[in-house]
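Going down the list, the sequences are from chains A, B and C.
By our numbering, the letter at position 4 of the first sequence is numbered 12, and the numbering carries on one by one without gaps.
By our numbering, the letter at position 87 of the second sequence is numbered 666, and the numbering carries on one by one without gaps.
By our numbering, the letter at position 426 of the third sequence is numbered 434, and the numbering carries on one by one without gaps.
Since the hints were derived computationally from the structure, they do not count as laboratory data.
Any given hint could turn out to be false.
What the hints assert, rightly or not - Only pairs whose alpha carbons sit at most 30 Å apart, straight line, appear in this in silico DSSO-like list of lysine-lysine:
1. B/Lys-586 to A/Lys-102
2. C/Lys-302 to C/Lys-355
3. B/Lys-766 to A/Lys-97
4. A/Lys-15 to B/Lys-600
To be verified - Computed from the model, here is a short list of chain B residues facing chain C with C-beta under 10 Å:
5. Ala-608
6. Thr-611
7. Ala-615
8. Gly-617
9. Glu-640
10. Leu-642
11. Ser-644
12. Ala-647
Beta carbons: idealized from backbone N, C-alpha and C, even for Gly.
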Amino acid sequence: MSIFDPKIVAFCCEQSGVPAAEMAKTLKLKMPDNLELVPVPCSGRIETLYLLKALESGADGVVVFACYEENCRYLQGNIRLKGRVGYAKQIMAKIGLESERLEIFHVATNSGVKFTEILMQKVDQLRQLGPNPAK
Amino acid sequence: MIKAEQKPFEEILEYLAPYGKILLSGCGACVTVCNAGGEKDGALLASALRMARRKMGKPIEILESTPARQCEPEFAQELTDTIGKVEAVLSVSCGVGVQTLARYFPATQIFPGVNTTFMGETVAHGVWEERCQACGNCILEKTAGICPIARCAKQLLNGPCGGSSKGKCEIKRETDCAWQLIYDRSKSLGQLHRLSAIIPAKQWGVESRDSGPRSIVREDLKV
Amino acid sequence: MYQTVYGGKYAAPAPINLKPEVLIIGGGVVGITIARELAREGMQVVIAENGESLGGGIRHLHFFYDRHTDVQQWLDDMIADVESTGNIIVHKGAQLKRLDGHLGCFQALIRTRDGGETVLSPSVLVLATGCITRPSAAMNGGDRVIGLSEMEKLLAGSRDVSLAWKGQPVKTVTYLLDRTNDDIKIDTVNAVKQSLILQEKGCRVAVVAGDLKVSASGMERLYRRAREKGVLFFKYDEPPVLSPTDDRVSVELQDMTILRKEERDTVSLLSDLVVTGETFTADPTAEELCRVIKLRPGTSGMLMDDNPQFQRVLSNRRGIFLAGACRFPQIVTESLSEAHAVVQEVKALLHPGAYTPANPVAEVDPRKCAVCYTCVRLCPHAAIGMEKHGERNVYAAPAVENDGTLWGAARIEPVACFGCGICAAECPARAITLYQ
Ligand code: SF4
Ligand code: SF4
Ligand code: SF4
Ligand code: SF4
Numbered sequence: 009m010s011i012f013d014p015k016i017v018a019f020c021c022e023q024s025g026v027p028a029a030e031m032a033k034t035l036k037l038k039m040p041d042n043l044e045l046v047p048v049p050c051s052g053r054i055e056t057l058y059l060l061k062a063l064e065s066g067a068d069g070v071v072v073f074a075c076y077e078e079n080c081r082y083l084q085g086n087i088r089l090k091g092r093v094g095y096a097k098q099i100m101a102k103i104g105l106e107s108e109r110l111e112i113f114h115v116a117t118n119s120g121v122k123f124t125e126i127l128m129q130k131v132d133q134l135r136q137l138g139p140n141p142a143k
Numbered sequence: 580m581i582k583a584e585q586k587p588f589e590e591i592l593e594y595l596a597p598y599g600k601i602l603l604s605g606c607g608a609c610v611t612v613c614n615a616g617g618e619k620d621g622a623l624l625a626s627a628l629r630m631a632r633r634k635m636g637k638p639i640e641i642l643e644s645t646p647a648r649q650c651e652p653e654f655a656q657e658l659t660d661t662i663g664k665v666e667a668v669l670s671v672s673c674g675v676g677v678q679t680l681a682r683y684f685p686a687t688q689i690f691p692g693v694n695t696t697f698m699g700e701t702v703a704h705g706v707w708e709e710r711c712q713a714c715g716n717c718i719l720e721k722t723a724g725i726c727p728i729a730r731c732a733k734q735l736l737n738g739p740c741g742g743s744s745k746g747k748c749e750i751k752r753e754t755d756c757a758w759q760l761i762y763d764r765s766k767s768l769g770q771l772h773r774l775s776a777i778i779p780a781k782q783w784g785v786e787s788r789d790s791g792p793r794s795i796v797r798e799d800l801k802v
Numbered sequence: 009m010y011q012t013v014y015g016g017k018y019a020a021p022a023p024i025n026l027k028p029e030v031l032i033i034g035g036g037v038v039g040i041t042i043a044r045e046l047a048r049e050g051m052q053v054v055i056a057e058n059g060e061s062l063g064g065g066i067r068h069l070h071f072f073y074d075r076h077t078d079v080q081q082w083l084d085d086m087i088a089d090v091e092s093t094g095n096i097i098v099h100k101g102a103q104l105k106r107l108d109g110h111l112g113c114f115q116a117l118i119r120t121r122d123g124g125e126t127v128l129s130p131s132v133l134v135l136a137t138g139c140i141t142r143p144s145a146a147m148n149g150g151d152r153v154i155g156l157s158e159m160e161k162l163l164a165g166s167r168d169v170s171l172a173w174k175g176q177p178v179k180t181v182t183y184l185l186d187r188t189n190d191d192i193k194i195d196t197v198n199a200v201k202q203s204l205i206l207q208e209k210g211c212r213v214a215v216v217a218g219d220l221k222v223s224a225s226g227m228e229r230l231y232r233r234a235r236e237k238g239v240l241f242f243k244y245d246e247p248p249v250l251s252p253t254d255d256r257v258s259v260e261l262q263d264m265t266i267l268r269k270e271e272r273d274t275v276s277l278l279s280d281l282v283v284t285g286e287t288f289t290a291d292p293t294a295e296e297l298c299r300v301i302k303l304r305p306g307t308s309g310m311l312m313d314d315n316p317q318f319q320r321v322l323s324n325r326r327g328i329f330l331a332g333a334c335r336f337p338q339i340v341t342e343s344l345s346e347a348h349a350v351v352q353e354v355k356a357l358l359h360p361g362a363y364t365p366a367n368p369v370a371e372v373d374p375r376k377c378a379v380c381y382t383c384v385r386l387c388p389h390a391a392i393g394m395e396k397h398g399e400r401n402v403y404a405a406p407a408v409e410n411d412g413t414l415w416g417a418a419r420i421e422p423v424a425c426f427g428c429g430i431c432a433a434e435c436p437a438r439a440i441t442l443y444q
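Bound-form chain A, shown alone (with noise of 0.2 Å):
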């Protein structure tokens, strides 16, 4: 039997996520073999409905990495984007699936160790939840 290897879509926001992934890239870290990523130049720039998308096209789980709160280069995107995230899970709670399957998680450029650890984690625990049965 295959174990199931889940798709993850990973938002980065270009001032802390993308930094810290071109960091894991070069450290030559692991990473998960069904990822995908996505720059934003903010995380205020990812809409809800990009959220709610990512699952609805075959994610298993959608990540998004940003600057600490009162970090962020715009002053507000990530205080937005919290708002957003928050509002996705309410609609993943009346569709009925996890909300494990979205998280923020907040990074800086050197984080990418912890970028990949995150993300890892992320991979066994979609492994458990089993795939997206939405999608």
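Guided by the hints, dock chains B and C with the ligands onto chain A, whose structure is given.
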């Protein structure tokens, strides 16, 4: 403007159960502004419905469209071709827009996707409050611009009830007592004397919709 | 001006001309310094000073910690220079009442106290409104507890005579720091500086502090000199207790040189005067100014919070800079280096004579806009306004441009947009595209 909020999700799922292909029609005006049925919120609902139905093993195809205002016949008619392709319509405009579609598309089921809640004002971003009940005979000139019909729980016309306490309403403690607001504003405008005039009881059966739906006809405008 | 082309096609924003004209709000030492340096570069500078004279908060300072210059003389020389420089105009008793436009074409309405109004159109704006020093809450010790600036005045007034307070000679002075302010170095700097002057006047001086903050240039040296000259330094964990005696104040604290807490003795410093830190608050006009300029207020009413992603002197709006104590209380050296930083930024921005948006910018499709104001409220950079829009015609017959009868639509000013995409993500009509 008109304020609305999305209907409970299960309710929508339930009445859409028999259909495999629908149109989700939003409205580009009032319900866009209150984030209930504009293009963005329509798309969110459509995505959620598609996922929920896939999870149930009964996928649904959803077309999306957002006319600028669903309550004008011309905008409604723009949907003719699309509606011809679907089994039913889920309209996330207010109840008016749903009925406009119902009038123009007699052969198609039109379901409401939102609960039309009130006519209200944006008090802060993301916060809307009821302001007018369309009573048919506005008395705001007597009440310092604050409506006791829409904002007093008991619709009192001549001062607060005995339950008004510390400026709050006894029915809902977190709500301001409308009559406190009326008094305070009259006072600061130096218009307290206006409040001593008795406001006569409203002719609910004549002006309001108690005697059935109202209509406005302007003969001069008719074509 | 920038012309929009719709239908998914992106028209690269045209460059905007930048005239070398700068408006500075605040005529304190920071405003003056920036004005002089920019004027020297040939720019036209206007200073709008709220007070009746230039100088600002530094009027309360008499001694520098790092040089022997007389502060007031130095200031007066600078003011004389500013007032005689042809391309600097000074408005006194003047407030900024309205600000429209954006980088390159601000429209600033300045109102003076006599009711006169001037409309300026500077390319950039600099805020240097400073902060206000207030005596801190009364401490037990009566009128023998004074603030640092009161001591500064006392020292300036008795340069050649010995120190006296209310007719009584002052022989012992204790500085009690870090009770009012905890995270700024200005109190330490002033206390150490004053203690050296006092020491020279033959006073016995002690500095009692939670933490000495010597991270300003030359401060380590000054501190060492103070120690060598015999100023006593004490550290405390538990706040010292002040108790007035007949003619003095006793400052009682734990002797921290003993490591074991239980064995510590109480040291009592009998003092003729106790000097404490003062409270710094934002200028009372700061809140109104933030509203007018659409600037994000920082914590405790000061302007702009610190944000590691942001350079210090930048604000949330392109073309508006901040320097000096309007952000947080600081020593003159710090303020001056912020002033120089602003000068560099302004020069770099205005020097090419034009600005072309380089980052991605957002754009509203006016045919979809529901005029809900979401984007206007949420743009952190005040880049969006409502405008009459020639192309909007969903409600009316095909529109005639600029006939003033059309519905408005949101319009994003590409020059002011930072390209974060917050507006695009929130627009309930999905009318906004972020071009990358
Ligand atoms: S259909 Fe309803 S929501 Fe849409 S414009 Fe008409 S009144 Fe407003
Ligand atoms: S008095 Fe009637 S018309 Fe006027 S605001 Fe109140 S409910 Fe509306
Ligand atoms: S958020 Fe969208 S609909 Fe609302 S004003 Fe801005 S562009 Fe128009
Ligand atoms: S992209 Fe960001 S900076 Fe630009 S207009 Fe939108 S919210 Fe403002």
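Checklist entry - Hints broken by the structure, by number, lowest first? => result 3, 9, 10 and 11
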